[in-house]
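Number of protein chains: 2
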Amino acid sequence: MREVGIVGVGHTKFGKSPVPFLDMCCQAALEAMDDAGAKTGNKNHIDQVFVGTMGAGMVSRISGAASAVVDTLNIRPAMAETVENGPASGASAIKLGYMAIASGVANCVLVIGAEGMRAVTGWEGTDFVATMLHPDGEYKYGLTLPSLAGLFTRLCMDKYGVESKDLSIVSVKNHANACHNPNAHIQRTVVLERITNPAYINATNPLVADPLRQFDMCPVSDGAAALLLVAKDKQDEYGFGHKKFVRIAGVGSATDTHYVANRAVPTDLLAVRLSAQMAYKMAGMTPEDIDVAELHDAFQILEIVESEEVGFFPRGDGHLAARRGDTAIGGKKPINTSGGLKAKGHPLGATGVSQVVELVKQLRGEATGRQIEGAKTGLAINFGGFGNNVCATIVTTK
Amino acid sequence: MREVGIVGVGHTKFGKSPVPFLDMCCQAALEAMDDAGAKTGNKNHIDQVFVGTMGAGMVSRISGAASAVVDTLNIRPAMAETVENGPASGASAIKLGYMAIASGVANCVLVIGAEGMRAVTGWEGTDFVATMLHPDGEYKYGLTLPSLAGLFTRLCMDKYGVESKDLSIVSVKNHANACHNPNAHIQRTVVLERITNPAYINATNPLVADPLRQFDMCPVSDGAAALLLVAKDKQDEYGFGHKKFVRIAGVGSATDTHYVANRAVPTDLLAVRLSAQMAYKMAGMTPEDIDVAELHDAFQILEIVESEEVGFFPRGDGHLAARRGDTAIGGKKPINTSGGLKAKGHPLGATGVSQVVELVKQLRGEATGRQIEGAKTGLAINFGGFGNNVCATIVTTK
Numbered sequence: 001m002r003e004v005g006i007v008g009v010g011h012t013k014f015g016k017s018p019v020p021f022l023d024m025c026c027q028a029a030l031e032a033m034d035d036a037g038a039k040t041g042n043k044n045h046i047d048q049v050f051v052g053t054m055g056a057g058m059v060s061r062i063s064g065a066a067s068a069v070v071d072t073l074n075i076r077p078a079m080a081e082t083v084e085n086g087p088a089s090g091a092s093a094i095k096l097g098y099m100a101i102a103s104g105v106a107n108c109v110l111v112i113g114a115e116g117m118r119a120v121t122g123w124e125g126t127d128f129v130a131t132m133l134h135p136d137g138e139y140k141y142g143l144t145l146p147s148l149a150g151l152f153t154r155l156c157m158d159k160y161g162v163e164s165k166d167l168s169i170v171s172v173k174n175h176a177n178a179c180h181n182p183n184a185h186i187q188r189t190v191v192l193e194r195i196t197n198p199a200y201i202n203a204t205n206p207l208v209a210d211p212l213r214q215f216d217m218c219p220v221s222d223g224a225a226a227l228l229l230v231a232k233d234k235q236d237e238y239g240f241g242h243k244k245f246v247r248i249a250g251v252g253s254a255t256d257t258h259y260v261a262n263r264a265v266p267t268d269l270l271a272v273r274l275s276a277q278m279a280y281k282m283a284g285m286t287p288e289d290i291d292v293a294e295l296h297d298a299f300q301i302l303e304i305v306e307s308e309e310v311g312f313f314p315r316g317d318g319h320l321a322a323r324r325g326d327t328a329i330g331g332k333k334p335i336n337t338s339g340g341l342k343a344k345g346h347p348l349g350a351t352g353v354s355q356v357v358e359l360v361k362q363l364r365g366e367a368t369g370r371q372i373e374g375a376k377t378g379l380a381i382n383f384g385g386f387g388n389n390v391c392a393t394i395v396t397t398k
Numbered sequence: 399m400r401e402v403g404i405v406g407v408g409h410t411k412f413g414k415s416p417v418p419f420l421d422m423c424c425q426a427a428l429e430a431m432d433d434a435g436a437k438t439g440n441k442n443h444i445d446q447v448f449v450g451t452m453g454a455g456m457v458s459r460i461s462g463a464a465s466a467v468v469d470t471l472n473i474r475p476a477m478a479e480t481v482e483n484g485p486a487s488g489a490s491a492i493k494l495g496y497m498a499i500a501s502g503v504a505n506c507v508l509v510i511g512a513e514g515m516r517a518v519t520g521w522e523g524t525d526f527v528a529t530m531l532h533p534d535g536e537y538k539y540g541l542t543l544p545s546l547a548g549l550f551t552r553l554c555m556d557k558y559g560v561e562s563k564d565l566s567i568v569s570v571k572n573h574a575n576a577c578h579n580p581n582a583h584i585q586r587t588v589v590l591e592r593i594t595n596p597a598y599i600n601a602t603n604p605l606v607a608d609p610l611r612q613f614d615m616c617p618v619s620d621g622a623a624a625l626l627l628v629a630k631d632k633q634d635e636y637g638f639g640h641k642k643f644v645r646i647a648g649v650g651s652a653t654d655t656h657y658v659a660n661r662a663v664p665t666d667l668l669a670v671r672l673s674a675q676m677a678y679k680m681a682g683m684t685p686e687d688i689d690v691a692e693l694h695d696a697f698q699i700l701e702i703v704e705s706e707e708v709g710f711f712p713r714g715d716g717h718l719a720a721r722r723g724d725t726a727i728g729g730k731k732p733i734n735t736s737g738g739l740k741a742k743g744h745p746l747g748a749t750g751v752s753q754v755v756e757l758v759k760q761l762r763g764e765a766t767g768r769q770i771e772g773a774k775t776g777l778a779i780n781f782g783g784f785g786n787n788v789c790a791t792i793v794t795t796k
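If you read the sequences in order, they're chains A and B. Here the first sequence is numbered in our numbering, starting from 1 and rising by one per residue. Here the second sequence is numbered in our numbering, starting from 399 and rising by one per residue.
Treat the hints with care, as some may be off.
Each pair of labels, with its calculated beta carbon distance range [claimed, not checked]:
1) B:Pro712 <-> A:Gly125: 52 to 60 Å
2) B:Gly559 <-> A:Leu30: 54 to 62 Å
3) A:Val191 <-> B:Gly523: 51 to 59 Å
It should be emphasised that the hints constitute simulated quantities derived from the structure, not laboratory data. Model, not experiment: these values are computed from the prediction. Here a beta-carbon is modelled for each residue, glycine too, at the ideal position from N, C-alpha and C.
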């Protein structure tokens, strides 16, 4: 198999974007190109662009976004496609970038993930997000993502003894991490007592979808992130060699039932397990090899259950690991050093790419203030729908 | 490079679909799976699904369409992504299917192209199609595709002597071909005299966007098409060997300026030329090797200019070749034996896949009534935007 790696990363400040969708794409892309040393002389080596987004069409009424980006970046006639896989669109774009180079069709691929979420607010925003549920089932009956996550959390509480406070522990950890990430949407520490004390919890951390409260789920953010991928055998020739080469060691993805209600064990996230297993197998690695992970905590319960499904902790022990501090910086398996979706923000299509940007920074030793010392291998889980389509990516400097 | 081929094809009847978007996808997919001999015993060898569509989000308000299709077809946990590249979404999905197998990540890929166009009518439909133009430029100023094609046609008339009657000649040919394609939207012969005679042309063939008349452009159609792709080295093991293996010999794609007005030579379709050259190079072939072609005649002028850009005829001679009958069945370079977009219909995301379905039928000798005897190699051109993103596919039994 041809070796494929990441030589440049870019990331906008997540939050409310002052610029529209395509400008966010180009801003992240230009930063990744600069980071890789791509300029007038060699930027035309980029022969494929993938843009991962869920809502370019539905929200921004743009088709052919990838072609527009190619033109604005002045890298014609690069090939260009837009990829949609709900909130896992970003990692899907990375997987396709890997395929494009490994197949020999392309040598250098620009991968962008982006979303302009805050263009739609209130019911319109909730409805847009809900389109990722089964179009003829859950969506039609008005189920929303927070309500579904609430039901899922309740089942985990009953089955494994997860407590509301465990969700808050994850939230507090991710907020603390985000304070060291200048691109995070919310850079503010949160005190556990303040969001859990029954005396004032309804004021500081109000219920959204029982049992979920405001700090148990991510905010609504705009943002974009980008990666420049290159074949190892072309890196020097193209002049993209001045940063450490971060190899894509494994990509995996898997689908689960689109109707969540059809799952045999509704507390399992089967597609997380299968996609991670596929990525481990391709990388020739096990969970023990992972030094740092970005998991998809759109809801805090997901970070807990995903940490079990990817093999870090035994089934039902994820919340205990969080309580022990195993997933904090300095713990055994640091998770979401970037701040996670909870505090860094979750612009749907951007998230999968943003996760890998963080892993690359960790593996390069550039994660100032949140650095995991000696990190050599990272895992990202990007979660689409309510787990109906999940992508896993393993990157390494080994 | 790993050998990748097509072992199954499926195609809905284009026109007004009695069923919604996802059902069209599944109908075409099931037909392709049946055609390949995929059933309970071996259908789970399908490890990746790509759905090419421009409007699943904008028109049908569906995200994650590919995941929903996987679930309905009961081929979980197959990987799944939706691909958007305007009207070239279908061929993009084929290209990605090729990459997925050639990279070794997948062995068997289901490629679906689909569009539910007729859910949006009138200005809403025109607007949906117009989103493929530059979002900050042409689209914002209200330019539509027919008006742009009208301007382009006028330039070709002035520069190369193309006449309105030449467009009608192409149209009449494609309508005649479609009469032999049971899946074509419009299966009706058209008499040249009837749509060109000045005495009654305004009644039989009214102006739409000067100089373009009704018969100079495609209708609005719903439809879906599907291909089952497999690695040659897995074909026998998976039991997909009962039909002739049609090898994907070349895939190419290229972008051009997103603003049409920015092109140095506005009558050139540079991305058609570059994508075809890329596919020829990969296939180790030249235009002389092509026995049958499906070109993207969303407007009849495009078939003429594309036939030049892909190297069949010298620059400016495409309309003369059409006049001579070179592009008809029995001519030197038969084009659009399926009826083309003009008469078979043009459900945007479906078209690129539908074109290759026709080529496979030709190469298998299954194109009853429209068969090109001894056809061994075919070329398809799928055209996105107004030529801002074009994909070329070469298939062969050689």
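Does the Cβ-Cβ separation between B:Gly559 and A:Leu30 fall within 54 to 62 Å? violated (45 Å)
If you check the beta carbons of B:Pro712 and A:Gly125, does the distance land in 52 to 60 Å? holds (55 Å)
Pairwise beta carbon distance, A:Val191 to B:Gly523, judged against the given window 51 to 59 Å: holds (54 Å)
When held up to the earlier numbered hints, the structure conflicts with hint 2 and nothing else.
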